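> If you want the building blocks of each chain, they are given just below.
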Amino acid sequence: MENLYKIISILGTVAFSISGAYAGIQKRLDWFGVIVIAFVTAVGGGTLRDVFLGKPVRWIHDEALIFIILVSAIIAILFATWIPKVDIPLQIFDALGLGCFYVLGYQRGISENNEVLSSFLLGTCTACAGGVIRDVLLNEIPVLFRKEIYATACLIGFFTFYQIKKISSIESYSNQITIFVIFVVRILSWKFGLSLPQANTNKSN
Amino acid sequence: MENLYKIISILGTVAFSISGAYAGIQKRLDWFGVIVIAFVTAVGGGTLRDVFLGKPVRWIHDEALIFIILVSAIIAILFATWIPKVDIPLQIFDALGLGCFYVLGYQRGISENNEVLSSFLLGTCTACAGGVIRDVLLNEIPVLFRKEIYATACLIGFFTFYQIKKISSIESYSNQITIFVIFVVRILSWKFGLSLPQANTNKSN
Amino acid sequence: MENLYKIISILGTVAFSISGAYAGIQKRLDWFGVIVIAFVTAVGGGTLRDVFLGKPVRWIHDEALIFIILVSAIIAILFATWIPKVDIPLQIFDALGLGCFYVLGYQRGISENNEVLSSFLLGTCTACAGGVIRDVLLNEIPVLFRKEIYATACLIGFFTFYQIKKISSIESYSNQITIFVIFVVRILSWKFGLSLPQANTNKSN
Chain A
1 MENLYKIISI LGTVAFSISG AYAGIQKRLD WFGVIVIAFV TAVGGGTLRD VFLGKPVRWI
61 HDEALIFIIL VSAIIAILFA TWIPKVDIPL QIFDALGLGC FYVLGYQRGI SENNEVLSSF
121 LLGTCTACAG GVIRDVLLNE IPVLFRKEIY ATACLIGFFT FYQIKKISSI ESYSNQITIF
181 VIFVVRILSW KFGLSLPQAN TNKSN
Chain B
1 MENLYKIISI LGTVAFSISG AYAGIQKRLD WFGVIVIAFV TAVGGGTLRD VFLGKPVRWI
61 HDEALIFIIL VSAIIAILFA TWIPKVDIPL QIFDALGLGC FYVLGYQRGI SENNEVLSSF
121 LLGTCTACAG GVIRDVLLNE IPVLFRKEIY ATACLIGFFT FYQIKKISSI ESYSNQITIF
181 VIFVVRILSW KFGLSLPQAN TNKSN
Chain C
1 MENLYKIISI LGTVAFSISG AYAGIQKRLD WFGVIVIAFV TAVGGGTLRD VFLGKPVRWI
61 HDEALIFIIL VSAIIAILFA TWIPKVDIPL QIFDALGLGC FYVLGYQRGI SENNEVLSSF
121 LLGTCTACAG GVIRDVLLNE IPVLFRKEIY ATACLIGFFT FYQIKKISSI ESYSNQITIF
181 VIFVVRILSW KFGLSLPQAN TNKSN
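Residue numbers (full-length UniProt numbering), protein chains in the order written: chain A, 1 to 205; chain B, 1 to 205; chain C, 1 to 205.
These are calculated hints, taken from the structure and not from any lab test. Heads up, a few of these hints could be off.
Said to hold, decoys possible - Just the calculated beta-carbon pair ranges, DEER-fashion:
1. C:V143 x A:K191: 34 to 40 angstroms
2. A:I68 x B:P89: 28 to 34 angstroms
3. C:A64 x B:E140: 30 to 36 angstroms
4. C:N113 x B:P89: 39 to 45 angstroms
5. C:N3 x B:D62: 32 to 38 angstroms
What the hints assert, rightly or not - In silico contact screen, one side only, chain A against chain C (beta carbon under 8 angstroms); selected entries:
6. R28
7. F32
8. V34
9. V36
10. V51
11. G54
12. P56
13. V57
14. N139
15. I141
What the hints assert, rightly or not - Coverage of chain B stretches by chain A, computed from C-beta distances (three or more under 8 angstroms per stretch; other residues unrestricted):
16. 20-29
17. 33-41
18. 54-66
19. 125-139
Everything numeric in this text was worked out from a predicted model, so none of it was measured. Virtual Cβ for every residue (Gly too), placed ideally from N, Cα, C.
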């Protein structure tokens, strides 16, 4: 099971790195800039979580992680024109990463302070903040705040998790089911272009 | 006295959350984005202070705080069109929060390292950085750097504090008087539209 | 030798402060905003490094550093029109600071975890992240990601360092030589307007 998390989180890291790199390429950054954006997209969420917890960030002790991101970013630069052609697997990896990073961040929060609400925030931050930092560095209002369903998927995963906890027969799979639910919500929202309503609907038009 | 701080800091948190939410609504963010902006506006300053001190941030152990922000943001979304009509109480709460957060951050700095200058910076950061992060996320140059008097109010509060310290008869009220001075400076600057001079006045025209 | 680092790092801090202040002045910030930008440009890289390591940031215990930045920023504001005339010494101090901050950050990383790759990242972050935060606050895509050679100079310094380590006769000067190499690369790239290729050259035109 530990291994499954590891594989999913590597797939997620690759997807986050490539999506970050591709965003940087479209903004016409240089090689170095693209690699930095790939890096912050992939590790930004986990970094922020560790910083909020007052701990050293994980990547300074994890050279393999740095290496995976570096290789993903360089591949993205070399084969930039091919990226749109592999959009479907990338979106699948990205959605898997979203679920996996959420669960890892949530578990980390629970193990630190045992509070549900702040652990949900830490999980969502782990899963989503990398994309926010990416957009800030690229001088955009974060897409996460405007249209894409990411955090909502985490929220649905959060509620699912607590429903599952009550059902003893599947309780021991609650983490895996949470990842799966987040994955499905994210994929469906991507496939059908779903988004949250704007907060100022009563003023538009 | 402890209770007075608590009440003022809650009023300040509500005002910061609503001002953050309103800024997000005007940028046409979705519900989730508005709530995030409310959250970072309210806790961003204290978070940055804790991070600078190498400590876990306060809100991960304070579910009540998260809840207050969440409720404030949702109210702001539901009654967005009414927000301009309650501008005066909001500005008053905001100015109270500014003073209170400054004093809390300053005291925290003094208790950590007993250095006056860096404690002033930590206090000002606690009071002002939330607004800076809000503007960065909304893709604006922070209004705090361009026209609004916030940090200057903290600076005046800082000098007042050290003058009061010398007057033994009122010394024990120095924190309360500092909050009051910051409050008055902020309210006056808002009321009369005061701002600092631009740094490049010798080049304009 | 300790003293040489100190002098170089002060020159670098002055240069970073003035370049930050000047960028703020050109964006027509007010006095306070300019001072903040000077501050984050000068200390942002080291702050981020300390935060990543889960340590309190250095400047909260270093009032002399805060004072140097403050004075540099005020001088920059008062003599803003003269700054372009002292571009050559400023670029020299800036390049010295780049080398010195890189080596200090790298050494700090090595002493924390003894891993080469993450120490390189921490060194580069120490040297370069201040400029990134400056550009984010000024609502620009960081110049570091688009054209300027800063991180590449650090990378060349990094490889130089490991080549020198192998030559026993000069091994004890490896830090100084690394600073010098970064300095030369940065000055040459500035003098001749060198930049990295864009990552999307295969798509332009």
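> Enumerate the violated hints, using their earlier numbering and listing them in ascending order.
Result: hints 2, 4, 5, 15 break, sorted rising.
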